[in-house]
Amino acid sequence: MSQSPNAPEVIQIGEAQLLVRFAEAIDTALPARIAALSTSLKQRFGNALLELVPSYTTLLIEYHPLKLSPLELSTSIPTLWIQAQAVESVGTLHRLPVLYGSRYGPDLAALAQAKGLSPEEVIKLHTGRRYTICAIGFAPGFAFLGEVDNAIRHPRHSAPRLSIPKGSVGIAEAQTAVYPDASPGGWQIIGNCPLTLFNPDNEPMTPFIAGDSVEFYQVTEEQFIELGGEPCPVWK
Amino acid sequence: MPGLEVAPSGLEVLQPGPLTLIQDPGRFGVAGLGLSQGGPMDLHAFCWANRLLGNPMSAAMLEITLGQASFLAHQDMTLSLCGADMQARIVSNGEARPQANWRSFPLKASEELQLGAAVSGLRAYLAVKGGFQTQAILGSRATVVRNKLGGINGEKLTEENTLEVSNDSQTNLDVSSNKVPDRYQPNYSDPVRLELLHGPQYMDYPPEQLTTLFDSRYRISPSSDRMGIRFEGQAVQAGPAGMISEGISAGAMQLPPDGQPIILMSDRQTLGGYPKPFILSRYSQWCLAQCMPGTEVSFVPGDLTHASKQWQEFVRFFELFE
Chain A
1 MSQSPNAPEV IQIGEAQLLV RFAEAIDTAL PARIAALSTS LKQRFGNALL ELVPSYTTLL
61 IEYHPLKLSP LELSTSIPTL WIQAQAVESV GTLHRLPVLY GSRYGPDLAA LAQAKGLSPE
121 EVIKLHTGRR YTICAIGFAP GFAFLGEVDN AIRHPRHSAP RLSIPKGSVG IAEAQTAVYP
181 DASPGGWQII GNCPLTLFNP DNEPMTPFIA GDSVEFYQVT EEQFIELGGE PCPVWK
Chain B
1 MPGLEVAPSG LEVLQPGPLT LIQDPGRFGV AGLGLSQGGP MDLHAFCWAN RLLGNPMSAA
61 MLEITLGQAS FLAHQDMTLS LCGADMQARI VSNGEARPQA NWRSFPLKAS EELQLGAAVS
121 GLRAYLAVKG GFQTQAILGS RATVVRNKLG GINGEKLTEE NTLEVSNDSQ TNLDVSSNKV
181 PDRYQPNYSD PVRLELLHGP QYMDYPPEQL TTLFDSRYRI SPSSDRMGIR FEGQAVQAGP
241 AGMISEGISA GAMQLPPDGQ PIILMSDRQT LGGYPKPFIL SRYSQWCLAQ CMPGTEVSFV
301 PGDLTHASKQ WQEFVRFFEL FE
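Top to bottom, those sequences are chains A and B. First residue of the first sequence? That's 1 in the working numbering, and the numbers climb one at a time after it. First residue of the second sequence? That's 1 in the working numbering, and the numbers climb one at a time after it.
Chain A on its own, in the form it takes in the complex:
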C-alpha cells in the first residue's frame, strides 16, 4: 500500500476537546491505526485525557483543561500518527456463529430475492469475508463491520422496527453488525448470533475493540441452542 502519512486534520471542539480527522472516506485499514494512536496517546498523556471516541475516520479526544493544552496535544499527533501508520491489523479475530433465515433472520428471503440470489448464496457471501470492526457505538458493544460484498448490500427498512431481538445479524448498505441486545432498528435482519456480545458483569464487557476482525460461520438450530441462542426471538 502506498499511503503517504498525511498529517491529520485537527479541529478544536468546544472548551477542551479535539476532533482528529484522518481521511475523508472509509478505509478498513484505518480503525486499527486509530486504535494504535489511541493507545500511544494514553501512554503519553495518561489521565490528562478524559475520553477517546474512535470512529471510522476520526478520533474525538476530551482532555483535562488544566493538565493539557490543545496546542501540546495537537502538536503531538502527527508524529504519533506516522508511527500508527505502520500498524497493519494486529487486532483479534472473532469467529461468530450465525443461524441464518427463518424466524431468526426474517429479511433473508426478501433480501435474496431483491438481489437475484438464493438465500444460500447470500449466506455464502456473508460468511465468505473477514470484516473489520470500524467503530463501536449506537449501543453498548454494537460493532459496525465493514464492508459486505457488493452483491448483498441493501438499504435499511424505511421505517425501523420497534424492537428486534438480541443477537440479530443485520445488513445496512455496506455494513453488517450484530445487535448485542434487543433494540429498535432498521437493518435488514438475516440471522441471529447466539453469543453474548455485551454483558456489564463480564470483564471485558464486550470482546470487541475497533480494529479487530470478525468472521461469521453458519450453524444449525441445534448448535445455535447449544451455544445459548434464544429459540423464540421476540419481534415488535
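None of these hints come from the bench; they were simulated from the model. These numbers were taken from a predicted model, which means no experiment stands behind them. Some hints here could point you the wrong way.
[Stated by the list, open to error] Distance condition first, Cα-Cα at most 27 Å in a straight line; then the derived BS3-like pairs of lysine-lysine:
| hint | chain 1 | residue 1 | chain 2 | residue 2 |
| --- | --- | --- | --- | --- |
| 1 | B | Lys179 | B | Lys309 |
| 2 | A | Lys236 | B | Lys156 |
| 3 | B | Lys108 | B | Lys179 |
| 4 | B | Lys108 | B | Lys156 |
| 5 | B | Lys309 | A | Lys42 |
| 6 | B | Lys309 | A | Lys67 |
| 7 | A | Lys236 | B | Lys179 |
| 8 | A | Lys67 | A | Lys42 |
| 9 | A | Lys42 | A | Lys236 |
[Unchecked claim] According to the in silico footprint, chain B covers these stretches of chain A (three or more CB under 8 Å from chain B):
| hint | stretch |
| --- | --- |
| 10 | 52 to 65 |
| 11 | 128 to 137 |
| 12 | 140 to 151 |
| 13 | 155 to 166 |
Just so it is clear, CB atoms sit at the ideal spot from N, CA and C, and this is done for glycine as well.
With chain A held as given, fit chain B onto it using these hints.
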C-alpha cells in the same frame, strides 16, 4: 424469639418523583465500548452540592427532575440541595419547616425531606456528606438508563430503594450549615441565551445558512430527555448529507434533515452521522439543563477563548477530575 434486628440505616426513597437518578461526574474512558458518559445535566449545581459538604467531586448524589419526591432518614446525616427550587421542607414529628435551597443542612433519623414541583429550574441535586454508596461500575456510579448501567440496577430510583450513606462521613469539619454565595446562585427564570461555539461541521455550511439560528427564537420541545434536548423553531436549511459517523461531544448541536436543532446531552449516543455545526458552551449546557420544556431560548455566538478560560476556572475551583 425475635431474631437479631439490624437498625435501619441510610436514606429511604418514599416517593421518587418522575425521574430521580444517582449521578456522579460520569463514566469516562468507556466510549470505545459504545457506552454513554452519563453524569449530571447541570454540572454547576452538582459541583456546588458536593462542595457545600466538602465532598470530592466524584461523590455520587441524586439528580431529581421535576420534583415531587420525598425521602426518609434512617440515621442522622448531612445533606445539601442545589439547582432547581422545589420548595423543600423537612417534616419532623408531624411538623414541617421550609428548607432553603443552595445550602447544606442536617437531616436527623426519622425526619423526612419533601420536595414539591419545581417552581424555578428543572433539576435539583441532593447530595449527602460522603456520597451515596451505590455500586460503582467501570469507575462510576452514574446511572445511564439506556445502557442499563450504574445507579441501582441501571434504573431510575423507585420507592423500594434505600440508599446507603457513607459511614466515614463524620468529619471534624462542620459542613451542616454552608451556603452557596448569592452571586453564584443562578436565577433560572432569567431569559435564556445559549452561546454557540463552532462545531466540527461549521465550515461545511454557507455562513448565511446558519444565521437562521441567531435570527429567531426556539422553543424547547417536550420530547427532550437526558440524551438530547430538541428545539422547535425556524428550520435551518439542510447541511451536508452522507456524513461518516463520528464521536459526539457533550453539548453538540446536531442538525438532522428536518433542520430542527437537537443539543446532545449527558446520555447522548457515542457516535452519530448528522452534521454538527455548533456546540454549546459548557456554561450554556448547564443553563439549558434547567429549562422546562416549552421555554423559549435564543442562540448567540459564543467566544471560545472566554469559554475555555471559564471552564479552566471551573475545573480548578471545584477540583474536578482529580
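For this session: Report the numbers of all earlier hints that the structure fails to satisfy, in ascending order.
Result: 7, 9, 13
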